[in-house]
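K.L.:
Mind docking chains B, C and D on chain A? Use the hints.
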Amino acid sequence: MKHRDFTSDEMMTVAAARLLWNGCVCFVGIGLPSAVANLARLLHAPDIVLIYESGTIGARPTVLPLSIGDGELAETATAVVSLPEIFAYWLQAGRVDVGFLGAAQIDRFGNLNSTVIGPYEAPTTRLPGAGGAPEIASNARQTFVVLKQSPRSFVADLDFKTSIGFGAGHGARARTGARGAGPQAVITDFGLLRPASDTQELQLMACFENVDPQAAVRATGWPLRVAQQLEVIRAPEPEELRVLRELHARRLKGG
Amino acid sequence: MKHRDFTSDEMMTVAAARLLWNGCVCFVGIGLPSAVANLARLLHAPDIVLIYESGTIGARPTVLPLSIGDGELAETATAVVSLPEIFAYWLQAGRVDVGFLGAAQIDRFGNLNSTVIGPYEAPTTRLPGAGGAPEIASNARQTFVVLKQSPRSFVADLDFKTSIGFGAGHGARARTGARGAGPQAVITDFGLLRPASDTQELQLMACFENVDPQAAVRATGWPLRVAQQLEVIRAPEPEELRVLRELHARRLKGG
Amino acid sequence: MAVFLSLREAIARHVQDGQSIALEGFTHLIPFAAAHEIIRQRRTGLHLIRMTPDLIYDQMIGMGCARALTFSWGGNPGVGSLYRLRDAVENGWPRPLALHEHTHAGMAAAYTAGASGLPFGLLRGYIDNGLNAVNPDIRRVRCPYTDEELATVPAINPDVSIIHAQAADGQGNVLIQGILGAQKEAALAGRKLLVTVEKVVERLDTHLNSVVLPGWVVSAIAQVPRGAYPSYAQGFYARDNEFYKAWDAIGKSRERFERWMDVNVLRAAA
Amino acid sequence: MAVFLSLREAIARHVQDGQSIALEGFTHLIPFAAAHEIIRQRRTGLHLIRMTPDLIYDQMIGMGCARALTFSWGGNPGVGSLYRLRDAVENGWPRPLALHEHTHAGMAAAYTAGASGLPFGLLRGYIDNGLNAVNPDIRRVRCPYTDEELATVPAINPDVSIIHAQAADGQGNVLIQGILGAQKEAALAGRKLLVTVEKVVERLDTHLNSVVLPGWVVSAIAQVPRGAYPSYAQGFYARDNEFYKAWDAIGKSRERFERWMDVNVLRAAA
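Protein chains in written order, with this note's numbering: chain A, 1 to 255; chain B, 1001 to 1255; chain C, 2001 to 2270; chain D, 3001 to 3270.
Honestly, the hints are just simulated from the structure, not real lab data.
Warning: the hint list may mix true and false statements.
[Unchecked claim] The calculated label-pair distances, taken between Cβ atoms and stated as ranges, are:
| id | chain 1 | residue 1 | chain 2 | residue 2 | range |
| --- | --- | --- | --- | --- | --- |
| 1 | C | Gly-2045 | B | Thr-1125 | 23 to 33 Å |
| 2 | C | Arg-2042 | B | Pro-1046 | 53 to 63 Å |
| 3 | D | Gln-3041 | B | Ser-1197 | 41 to 51 Å |
| 4 | D | Ala-3068 | C | Phe-2004 | 52 to 62 Å |
| 5 | C | Arg-2142 | A | Val-232 | 49 to 59 Å |
| 6 | B | Thr-1076 | A | Pro-238 | 56 to 66 Å |
| 7 | C | Ala-2238 | A | Pro-238 | 58 to 68 Å |
| 8 | C | His-2207 | A | Glu-121 | 39 to 49 Å |
[As the list claims (entries may be wrong)] A short, non-exhaustive set of chain A residues, derived as facing chain D with CB atoms under 10 Å:
| id | residue |
| --- | --- |
| 9 | Glu-53 |
| 10 | Gly-55 |
| 11 | Leu-73 |
| 12 | Val-81 |
| 13 | Ser-114 |
| 14 | Thr-115 |
| 15 | Thr-125 |
| 16 | Pro-134 |
| 17 | Ile-136 |
| 18 | Ala-137 |
| 19 | Ala-178 |
| 20 | Arg-179 |
Cβ atoms here follow ideal geometry from the backbone N, Cα and C, with glycine treated the same way.
Bound-form chain A, shown alone (with noise of 0.2 Å):
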C-alpha cells in the first residue's frame, strides 16, 4: 500500500459509515461500531437510531463513550430503559436494522469466536466472551461485522463459534430458529466481503484504493473468493476525516 494520511482504523470507520443510512436502528457496541454508527449520524444520517445494549435509546453523543453505558449516553438519549428490556422488546423484537459485532476469529460463513483462543476448557488466551453477540447475530434484521483482515482472524475453523452467521452455509442459517438475514457485510482494512447469495461464503467485494486484493486473499485463512468485477471503496473524504477526528479528539478531552 502506499503512503496514506489516514489510518486503518479511519478508513474502515469511514466505509462502515457509508453503509448506514438515515433512520436506521443500529445496536452498537463500543469502539469501533459506536465511532462508525456516530459518524454516519454525524454526516449523512441525522436520523439514525442508535441503541446501546446499557438500555439508552436513541443516544446522541457528542463525544465517543469509552464505556457503554457512559453518563453522556443517557443525558442524550431520547429513552433509558431496562437492559432486559433491551434485550427482549427491542433487540429480540425484531426492531433493530442493523447490529454492529467485532470478533477475535471468523470463518468463511461468517460465524464469529469471541470465546477462547485455544480448547474452551484450557484456552490459551481467554476473551471476553459473548457479551450482547450472539443475539444481535440472531435478532438484528441484519449484522455488519468490523473486523482485521489477518490469517489469525480470517480462519478456516474457529477454536469456538460464539455468534452464528451462515453456520455451514448453503441456506443452513435459515433452518435454525435465526431470524435476521444474518452477516451481510463484513469491513475489514482491505474491502468489503458480502455472502455469495447462494453459498453464503463471504466474498471480497470491494477493495480500497489502492489495495492489492491478493493482500487481502493472503491475509485470510481459507481461499477467499475475489469477485469478478471487484469494486474500489474511495478513500475517506477530508470532510469524513474531519468530523470521525473531532469525534475521538473530543472523547480524549473528555477521558
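P.N.:
Positioned in the frame of chain A, the structure of chains B, C and D alone reads:
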C-alpha cells in the same frame, strides 16, 4: 340481630382490618378490600404496604379511590411500575403477604367464582371475570376473602371455578402448583370462617356480637360446621367507625 | 417514523374492518376519543383486545363494532356491570361476541411476549381454573430444570394498538406519565401503533428514566386534548368518577344507550 | 424492612463464605466499595454472578474470593482484558475458577426469571452457539403454539444481591437514576438485598415513574459516598475512564496487582 349503629359493610371492614398487621404487604382490589387495608393503615398498621394491580406500590391514599388506577394512588405511592411487573416481580415472586379477594360464589373449600352464573357458554349472568384474582389466589402467601353470606353466594357447587381455594380439600391444593397457603380467613356479615387443618373445609370460627351462629348456618348452601369454641368478634369501636367513615366521606367529597 | 395526522385520518388510514385491535390504558389514559372515531367510522368485525373492557369497549360492543373480545376483567370499576358487554354475551345483541377470556396475569404475560417477539408468555397461573376448559389458548410447558408445569399464553400481537399519552414532541417521541398498566407492552406488541396525545411540544420535559416511546415505533400521532375522558390523564384532568357511575343507568337500557351514543359520539365532531 | 448499617457491619452480617452473590450495575453504579469490604473481610469460596465482571470481579477473583463465576462478558470495557480473570481461568491463579458462561440476553432472562419467581427464563437465543456444549444450564423448550424451539436459562436467585444507588430515604426506599442495566432484576432476584447509597435523605425527590425499590425488599443499607468509584453515579461523579485504562497495567502483573490491592483496599479504611 339487634339494632346496631353501624352497617354490615362497616362491621366486615373493621373485622377484616383487624386481621392485618403492621408491615403486612397487601394486594388489594377496589371497593371493600381497599377500604379494609386503608383503615388498617390509619389505625394500627401505619407501615402496611398497599399494592394495587394498576402498578402502584406503597400507595397511601387519603381518599378511597373509585377505580384501581386513580391518580391519587400514583401520587402517594413509593413506586409506580407497569402492570406486567406487578404481576411478575411482585405477586408471582411471592412478595405479597395477603391478597384480598371477593367473588360472587364461594364453596366449602374456599374456591371462588367471579366469572358466570349459569353455564359459561350461555350464562344467565355474565360477571366481570377473573381479573387478578386467580393468580392472587395461588401466589399470595395467604388470601382473605370478604363476602356476604347467603345461600346464593355460599354454595355447594360453584357455577364456574375462577380462583383456587383448597380445591377438593384434604391437601388437594398442595398437589397443585399453587404456592401460597390459600384462603386463611373468610370475613362475612355473620363472622369469620377459617379452614379446618385436616379437611381444609371452611368452618365458622367466630361470630360478630349478638349474631346467632345458626343464622350463619342457614345462610350457607352447604352444611356449615361451627367451631365448638366459637369466638366473638367485638363490635366496631367508635374510633374504628370514625376513621372508616372519614375515609368514605372524603371519597364522596372527592368523587 | 411517526406521522402527525388528524384523528379522523389516523383511524381511516390504519384501522380496517375485521382487524384485531387493542386500545389499552389501565383505568388511566384510556383512549376514548380514538374509540369514538372508530365508532363514527362504522368499523365492524373487530377483534377487540383489552385487559379491562371498561366503558370504552362497552360502547364499541354496543355499537356493533366487535365480533370477538380478548379480556381479563369486564366490569365498570367500582360501579358494577358493563351492560352492553353483558347484553352481547347473554343475548347476542347487537351481535354475538366470541370471548377469549384470560386472567390479568395471563394477559400481561401475553402482551409482554408480544412486545418481546416471543411466541408465548409464561406464568405461574391458571391453576385449577375453569378458564382452562373454555379457552384452548391456555396451555402448559414443563420446566426443563425443575420439571414443574407452568401455564402459557400465546403472544398477543394486535394488528393495531392504540394508546393515549400526555405528550409527543416534534419527532413523535411519546411521553407516558403515571399509572402505566400494560400500555407500553400493548403499544410495542402492535403491528401498528396509533397514539393520541394531550399536547404536542417541541421538547419533552422528561427525566432520565421517564417512560418514552421513540417516534420511530409510532405509526401515527393525533393531538386530541381530553382524548382519555372520562378516564383521566395524570397532570391534565381527573377521572370523571361521576360519569362512570352515571354510565350504569345509560348502559343498562339499549334505547338510552343508543340515544346517548347518537348525541355524544355519532353527532359529535371528531 | 431495610436496616441502616455501616458497610462493614452489612457485609459481616449478610455475606458468608461459599455463597452465591451478585454485585450488579452495568458500567454505571458498580458497587466497588462493597466488593472491597468483602475482600477486606477475606470471604472465600464465593460463586460470583455478574453480567460484566469488570474491574470489580477482576479484583475479587485476583484476591481469591471466588470459586465460580456466572457471567456473559468478561473484558475491561473499551480497554481490553481482565488479567486477573484470565489468570484464574488460564492458570488457576490464585485458585481455579469454574465458569458458568452465558450471553447478555441469557443472563438478562435469567435475572428476570429470578425476580419473577419463575424457574426459568425464555429467549430466542443461543442459536448454533458453542456455549450450548459447555454450559449444561442452557436448554430448550418447545412452544406449545408454534412448535418452535426456544432457549431456556435457569432463574438466577443469588443468596445475596448487592447494588449501589444514588439515594435512600428514611424508610429505606432506594432511588436508582440513569442507566439501569439489570440492576433492578438482580436486586429483586436476591434472597437478600444489600444496598450502598451516595446519600440518605429525608424524602426522595422522585418523579412519578422513577425507579424506586421499596425499603421492605431491602435487607440492609449502608451510606457510602463514592461507593461506585471508579465506575460512576449519575448526578454525583463521572466514570474515571483513566483509571480503567490504568488498570490494564496494574492487573497485568500479579505482583503489581497485589501491591495495589494491599495499599488501596486492604489497608484502606472501610
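K.L.:
Was the hint right that Ser-114 (chain A) lines chain D, CB cutoff 10 Å?
P.N.:
This hint holds: Ser-114 (chain A) lies near chain D, its Cβ roughly 9 Å from the closest one there, short of 10 Å.
K.L.:
For the restraint on Thr-125 (chain A), tell me whether the closest CB of chain D is nearer than 10 Å.
P.N.:
Given a least distance of 8 Å, the restraint on Thr-125 (chain A) holds.
K.L.:
Evaluate the given range 49 to 59 Å for the C-beta pair formed by Arg-2142 (chain C) and Val-232 (chain A).
P.N.:
holds, 57 Å
K.L.:
Can we keep the Pro-134 (chain A) interface hint, with Cβ of chain D closer than 10 Å?
P.N.:
holds, 5 Å
K.L.:
Okay, Gly-2045 (chain C) versus Thr-1125 (chain B) on CB: inside 23 to 33 Å?
P.N.:
Hint holds: Cβ distance 27 Å, inside 23 to 33 Å.
K.L.:
So, as I understand it, the hint says Leu-73 (chain A) touches chain D; can you test that by seeing if any CB pair is closer than 10 Å?
P.N.:
Check passed: Cβ of Leu-73 (chain A) comes within 7 Å of chain D, closer than 10 Å.
K.L.:
Would the stated hint for Arg-179 (chain A) survive a check requiring a Cβ distance to chain D of less than 10 Å?
P.N.:
With Cβ-Cβ at 7 Å, under 10 Å, it holds.
K.L.:
Min Cβ distance, Ala-137 (chain A) to chain D: is it shorter than 10 Å?
P.N.:
holds, 8 Å
K.L.:
Holds or violated: the 52 to 62 Å window for the beta-carbon distance between Ala-3068 (chain D) and Phe-2004 (chain C)?
P.N.:
Holds - the Cβ-Cβ distance for Ala-3068 (chain D) and Phe-2004 (chain C), about 54 Å, lies within 52 to 62 Å.
K.L.:
Please check whether His-2207 (chain C) and Glu-121 (chain A) have a Cβ separation lying inside 39 to 49 Å.
P.N.:
holds, 48 Å
K.L.:
Indicate whether the distance between the beta carbons of Thr-1076 (chain B) and Pro-238 (chain A) respects the range 56 to 66 Å.
P.N.:
holds, 60 Å
K.L.:
Hint says 41 to 51 Å; check whether the CB-CB distance for Gln-3041 (chain D) and Ser-1197 (chain B) agrees.
P.N.:
holds, 45 Å
Hint violations for this structure: none, all hints satisfied.
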